[in-house]
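Chains A, B and C are the protein sequences, given in the same order. First residue of the first sequence? That's 1 in this note's numbering, and the numbers climb one at a time after it. First residue of the second sequence? That's 1 in this note's numbering, and the numbers climb one at a time after it. First residue of the third sequence? That's 1 in this note's numbering, and the numbers climb one at a time after it.
One thing to keep in mind: the hints can contain errors.
Unchecked claim - Here are the simulated DMTMM-like cross-link-like pairs (lysine to aspartate or glutamate), alpha carbons at most 25 Å apart as the crow flies: (1) B:K85 with C:E208; (2) C:K20 with B:E46; (3) C:K146 with A:D125; (4) A:K366 with A:D307; (5) A:K496 with C:E196; (6) C:K20 with A:E551; (7) B:K2 with C:D38; (8) A:K252 with A:E534; (9) C:K191 with A:E551; (10) A:K536 with A:D275; (11) A:K376 with A:D363; (12) B:K196 with A:E137; (13) A:K20 with A:D89; (14) A:K601 with A:E590; (15) A:K558 with A:E538.
Calculated from the structure, these hints are not laboratory results. These numbers come from a predicted model, not from an experiment.
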Amino acid sequence: MNLDSKIPAGPLNEKWSKHKFNLKLVNPANKRKYDVIVVGTGLAGASAAASLGELGYNVKAFCFQDSPRRAHSIAAQGGINAAKNYQNDGDSIYRLFYDTIKGGDYRAREGNVHRLAEVSVNIIDQCVAQGVPFAREYGGLLSNRSFGGAQVSRTFYARGQTGQQLLLGAYSALNRQISNGKVKMYNRTEMLDVVVVDGKARGIITRDLVTGKIEAHAAHAVLLCTGGYGNVFYLSTNAKGSNVTAAWRAHKKGALFGNPCFTQIHPTCIPVSGDHQSKLTLMSESLRNDGRVWVPKTAIKGLKAADAVRIPETDRDYFLERRYPSFGNLVPRDVASRNAKYVCDEGRGVGTTGLAVFLDFSDAIKRDGRHVIEAKYGNLFDMYRQITGDNPYEVPMMIYPAVHYTMGGLWVDYNLMTTVPGLYALGEANFSDHGANRLGASALMQGLADGYFIIPYTIGDYLAGMSWEKMSTDRAEFKEAITNVQQRVGKMLQIKGAKTVDQLHRELGLTMWEYCGMSRSESGLLTAKKKIQELKTEFWSNVNILGSANELNQELEKAGRVADFIELGELMVDDALNRSESCGGHFREESQTPDGEALRKDDQYAYVAAWEYKGENQPEELHKENLVFENVKLTQRSYK
Amino acid sequence: MKWFIDLLTSSLGRKLLMALSGLFLIVFLAVHLAGNLQLLKHDGGESFNLYARFMTSNPLIKTVSYVNYFLILLHIFIAAFLTRKNKSARGPVGYEVTNKSSRWASRNMGILGTIVLIFLVIHMRDFWAQMHWGDQVQMISYDGTAQVKDLYAHVYMWFHKGWYVALYVVCMGFLAFHLLHGFTSAFQTLGLNHAKYNPVINFVGRAFAILVPAAFALIPLSIYLNS
Amino acid sequence: MKITVKVWRQANSQAKGGFKTYQLDHVSTDMSFLEMFDVLNAQLIRKGEDPIAFDHDCREGICGMCSMVINGRPHGPLQTTTCQLHMRTFKDGDTITVEPWRANAFPVLKDLVVDRTAFDRIQQSGGYVSVNTGGVPDANEIPIPKKVADEAFDAATCIGCGACVAACKNASAMLFVGAKVSQYALLPQGKPERKERAERMVAQMDAEGFGACTNTRACEAECPKGIKITNIARLNREYLGAVFTSYEVETGGGGE
């Protein structure tokens with residue numbers, strides 16, 4: 001298979017405008033003859049469905065939640081980057097491009113990332129026009145902040161709820177198209193397969209989560225905007241429902257999966273409190289601006305936050321400040337996470353589980369006064385107190401890293417099309433723009449860029465080349481797909497084993513976290529592969545799902561998702577095994593510098609690893625898309 | 001005209017009518033109280049009876065009183081209608097445990113209103129109807145005036161009965177609670193909610209709801225205690 | 001600690017429901033309320049009993065999907081979402097009654113799961129600014145006073161969970177509608193359509209069968225996002241202003 005990224009030739013800053021001109025157009029009168037399916041209604045899905053509806057296409061949009069407004073984009077806190085340079089501090093499209101490429105540890109395409117930086121400015125305009133209430137200065141103009149260690153203030157925000165406000169903006173645009181009759185919305189409906197006819201994606205199979213009805217939907221193109229797969233780890237900051245099923249089904253129907261092992265682990269999450277833990281809560285990264293991270297110099301079992309205040313300064317190890325004197329507590333996410341893991345592995349972790357480090361604000365409160373800290377972080381402190389019962393004004397917070405975002409995803413070309421013609425992937429569901437590590441406030445930017453400003457152009461090029469004749473869902477391909485889905489559901493329900501779906505999911509998560517989490521080694525990954533294969537066998541012989549397929553059955557929903565996570569988990573392990581270098585969120589213990597820092601190997605691994613499904617229990621085939629850097633010089637990161 | 005019908009059939013339009021009629025009735029209460037206070041004058045009922053005659057004969061006042069009767073009926077009618085709609089909005093099954101996160105009066109305006117209505121019926125039967133058509137009210141003449149109905153004596157007759165005074169006072173208590181919510185609620189329904197003026201509205205509302213029924217209640221009490 | 005939960009069970013929208021009581025013997029105070037339900041469900045599955053269906057997704061208090069009336073209060077005793085409520089709020093030996101949102105406009109689908117698409121339909125009737133993608137002015141073209149932007153944000157922070165409806169004795173959706181109408185009424189971008197928006201959203205709200213607001217303020221007391229009833233007053237103002245002044249410009253003239 002030849003992986004053609006379709007990156008246009010020419011100077012970097014002209015690629016997108018030239019490409020837009022070269023794309024074929026669909027006559028305005030003909031747009032209404034084409035049907036497009038959009039799966040997922042987060043930032044990418046809602047913005048795509050709305051924009052395509054506005055252009056005149058007939059859109060069918062699907063979400064598994066009870067309303068499109070609930071998609072997990074809503075939980076993004078920090079902000080959205082845009083190269084507006086409103087602050088006159090030296091920002092530019094090129095700088096945003098450069099920062100994103102560098103932040104991604106040189107594992108993303110120059111062409112894609114530059115386009116992302118270009119359209120970032122339009123996103124802010126669009127959102128403001130929709131009535132998104134961004135934070136403003138007293139003069140009435142938009143406010144910006146510096147985020148995630150960026151040298152410029154380019155992050156737009158709406159208090160700590162930027163994702164919510166942007167999603168509600170996209171949701172409002174979607175609602176307008178629903179009311180205009182251009183988008184038909186299917187709530188509480190989950191996609192369970194892609195239908196490929198004559199090599200092209202022509203529809204999907206869905207399950208109505210209330211009635212259990214399995215249905216086929218035909219269209220001329222299918223857009224997967226289904227988010228990331230962080231829940232493969234069971235515990236993550238993702239929503240409970242976030243899943244890989246749509247992407248994984250597409251993968252099995254021929255779409256290549258790009259860089260599956262690239263996972264972002266966020267250092268400042270509230271630690272696990274016990275076996276009952278069902279999800280992890282992220283605390284804004286901004287806390288590290290004033291909080292100091294430490295553990296005791298010598299291990300103290302089960303150290304509580306209330307007792308920590310009595311530990312003298314000399315017995316504390318501020319390990320980030322010690323190891324990285326110039327960046328200190330503000331080292332990038334992956335470095336902070338990994339170091340927290342190391343001290344916990346040494347047994348110096350704190351709290352009842354020993355899997356936590358302190359984030360201490362006592363010095364900041366002494367220096368600036370409580371009211372200053374309260375003004376900056378009041379809502380975060382309240383949230384922390386609500387969840388843990390500890391008061392962070394008096395005792396140090398406890399934090400631990402948690403899975404937050406997956407840079408990997410379906411491989412797409414410059415047009416966001418997967419290797420299956422007519423099947424697109426947008427937002428976190430694709431692999432494209434963040435390389436091996438995503439910068440803070442860039443996820444929202446990418447989701448909206450894909451949906452508002454890229455797919456409306458690129459989809460026309462594909463549709464213009466095909467007949468608008470509608471396809472009947474009576475065709476054999478649809479019928480077969482329906483039968484397959486029904487059989488799979490039936491098979492799961494018949495097992496009636498001894499373990500609950502959550503139990504198996506938790507086991508998968510533990511394996512992934514242990515061996516394919518913050519730090520990965522060959523031997524560990526091989527162990528993980530074996531364990532995952534065993535888990536797969538156990539799932540299909542020992543899962544217990546009660547109830548029937550023809551009702552609202554939440555266990556059944558979860559089971560289908562976990563079955564796919566198990567298969568994906570194995571692919572992630574394969575990908576991590578293959579990539580014997582450390583880059584971004586991927587740290588291979590075999591590949592480090594003498595002082596224990598990540599060692600990237602550009603001569604061997606400057607490529608996108610795209611995996612092709614070869615059949616049940618067959619090893620997947622690796623295809624490499626070499627990354628060409630014409631504009632930036634590759635350098636090793638250093639935060640010493 | 002469709003827009004007007006839409007307004008009157010919308011929940012907000014009906015709320016508007018509730019608020020406007022409520023506010024009118026609040027003004028009426030104030031006027032009514034001003035009249036009643038003359039019961040306490042020690043002039044043998046002259047000013048009260050002359051006032052009563054004026055109120056039942058002046059054409060302008062008469063018109064306003066018809067508006068008043070109409071608005072009372074409207075207030076009751078819409079309240080009944082909205083209450084029915086609001087009850088059915090809960091759906092076929094109610095809560096096992098109900099929440100108490102609002103003020104008691106605000107949750108029970110229907111009951112309070114009904115009690116006030118019952119009081120109103122008794123009150124109008126004994127005074128208003130007697131004044132207009134009854135034979136219990138005697139005629140009286142003051143120096144230089146024609147004969148007027150001696151409503152004053154009639155009122156005193158009733159207010160010398162302990163049980164009647166007690167009923168009156170208790171009902172004024174219910175009216176107070178009705179007003180306590182109704183006064184500020186009317187402003188909220190009209191959209192008159194503003195950080196600068198809310199304290200004033202709330203203060204006046206609370207003062208009105210307490211002072212006016214209290215003053216109403218004090219009149220029979222003092223008459224009874226002085227008898 | 002030991003907890004007894006009395007939960008509404010209903011097989012589907014047609015079935016007649018009823019309460020069932022369950023016992024949990026090992027509840028950690030650090031558990032969230034929903035995690036307590038996870039544990040209960042695992043217990044039920046082991047016994048071969050149908051687990052309790054309940055809506056939840058983000059479990060960090062922002063998606064608005066979780067929806068339980070706990071001891072008579074939407075989202076329980078604290079002013080937060082169900083997912084952010086922790087078991088340390090309760091005492092050992094407590095009996096907790098859990099019911100679904102109750103409203104005609106929110107029919108029960110199963111157990112504690114209700115259908116809130118009525119909210120979506122209200123939003124579709126006018127909860128947007130009619131701008132297409134692209135061709136919009138620069139974001140800083142129209143300055144918006146900080147206080148106005150903040151107030152719009154405070155309204156826009158609504159998560160659409162429906163606790164206001166569940167709390168209201170009239171199952172009124174005024175706080176929800178008021179929040180959306182307020183957000184757009186405050187911002188210059190929403191001004192061109194503000195009259196039609198208020199009229200259309202109120203009409204849809206009424207058509208869905210929500211009750212009328214009687215200003216009890218229960219919604220404000222229970223809203224997990226602290227949406228204020230000033231938004232309801234603004235909705236009243238916007239609606240009444242619109243009804244009496246909309247259509248001031250005749251449409252249909254002008255030709256091509």
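Here is how each hint holds up against the structure:
Note on K85 of chain B and E208 of chain C: the hinted pairing holds, with a Cα-Cα distance of about 12 Å set against a maximum of 25 Å. The hinted pair formed by K20 of chain C and E46 of chain B fails the criterion: a straight-line CA distance of about 71 Å is larger than 25 Å. Between K146 of chain C and D125 of chain A the alpha-carbon distance is near 18 Å, which keeps this suggested pair within the 25 Å criterion. For the proposed pair K366 of chain A and D307 of chain A, the alpha carbon gap of about 19 Å is at most 25 Å, so the pair holds.
Taken as a hint, the K496 of chain A and E196 of chain C pair is broken in the structure, with Cα atoms around 55 Å apart against an allowance of 25 Å. With a CA separation close to 20 Å, the supplied pair K20 of chain C and E551 of chain A stays within the 25 Å bound. Taken as a hint, the K2 of chain B and D38 of chain C pair is broken in the structure, with Cα atoms around 53 Å apart against an allowance of 25 Å. Taken as a hint, the K252 of chain A and E534 of chain A pair is honoured in the structure, with Cα atoms around 21 Å apart against an allowance of 25 Å.
Restraint check for K191 of chain C and E551 of chain A: not satisfied, since their Cα atoms lie roughly 45 Å apart, outside the 25 Å limit. Only pairs whose Cα atoms come within 25 Å are accepted, and K536 of chain A paired with D275 of chain A is accepted, the gap being roughly 22 Å. At roughly 15 Å between alpha-carbon atoms, K376 of chain A and D363 of chain A fall within 25 Å of each other, so this suggested pair holds. Taken as a hint, the K196 of chain B and E137 of chain A pair is honoured in the structure, with Cα atoms around 24 Å apart against an allowance of 25 Å.
For the hint pairing K20 of chain A with D89 of chain A, the CA-to-CA distance comes to about 30 Å; that exceeds 25 Å, so the pair is violated. Between K601 of chain A and E590 of chain A, the direct Cα distance comes to roughly 12 Å. Compliance with the 25 Å bound is thereby established for this hinted pair. In summary, the hint linking K558 of chain A to E538 of chain A is supported, as the alpha carbons are separated by about 16 Å, within the 25 Å threshold.
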